Amino acid sequence: MMVIYEPADLHAGPTLVVGDAAGLADPFTGEGIYAALYSACLAAEVIAEQVNWQVPDLGGYTSLVRERMGPELANAFRVTRWFFPASGLVHRLLHRHQGLATCMLQVIAGDLPYTSFFDACRNQPALLFCPGGHDRTAIFEIVRAPRG
13 MMVIYEPADL HAGPTLVVGD AAGLADPFTG EGIYAALYSA CLAAEVIAEQ VNWQVPDLGG
73 YTSLVRERMG PELANAFRVT RWFFPASGLV HRLLHRHQGL ATCMLQVIAG DLPYTSFFDA
133 CRNQPALLFC PGGHDRTAIF EIVRAPRG
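Numbering (this note's numbering), first residue to last: 13 to 160.
Honestly, I wouldn't trust all of these hints.
[What the hints assert, rightly or not] Quick list of the computed label-pair ranges, beta carbon to beta carbon:
1) 33 - 97: 25 to 31 Å
2) 63 - 120: 35 to 41 Å
3) 63 - 97: 45 to 51 Å
4) 100 - 66: 56 to 62 Å
Quick caveat, the hints were computed from the structure, so don't treat them as lab data.
On a predicted model such as this, the values are computed, not experimentally measured, just so you know.
All C-beta atoms, glycine included, are put in the ideal place defined by N, C-alpha and C.
Assemble the whole structure, with the sequences as input and the hints as a guide.
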């Protein structure tokens with residue numbers, strides 16, 4: 013199942029919501045400072061384009077957030093859905109596959125996008141043979157993740 017980030021409108025009249033108020037915190041790490049600052053920059057970009065408009069249309073802000081932040085937030089949701097319900101399996105996988113563990117630590121530190129973690133999973137054939145109902149489904153979902 014592909015996860016797509018589709019937020020509700022992030023504006024109402026002359027008001028825009030950014031960061032945590034817009035639901036932009038990283039669902040895996042809980043980190044929100046980067047999203048707050050980046051979404052504020054996107055808001056400023058939209059406002060600056062329309063500062064002299066008689067009737068500004070701030071709907072472009074929601075589209076911009078979806079375009080620029082949506083793919084990584086969707087991937088963060090996917091990692092969250094994989095990691096927490098199957099934490100025992102994930103612990104064993106990360107213990108056995110040091111490359112994956114390194115990638116996971118880089119993701120948590122914010123040094124590596126979630127998509128790169130999916131690519132690392134695809135490069136580990138052992139992940140295709142993990143036993144266990146729900147856990148196996150979660151692993152297959154990671155391996156089949158769209159490249160981005």
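Verification of the supplied hints:
1. Taking the beta carbon of each, residue 33 and residue 97 are about 28 Å apart, inside 25 to 31 Å as hinted.
2. Between residue 63 and residue 120 the beta carbons are some 39 Å apart, a value that agrees with the proposed interval 35 to 41 Å.
3. For residue 63 paired with residue 97, a C-beta distance near 47 Å keeps the hint of 45 to 51 Å intact.
4. Against the hinted window of 56 to 62 Å, the Cβ-Cβ separation of residue 100 and residue 66 comes to about 59 Å, which satisfies the hint.
This entry satisfies every hint, going by the numbered hints stated previously.
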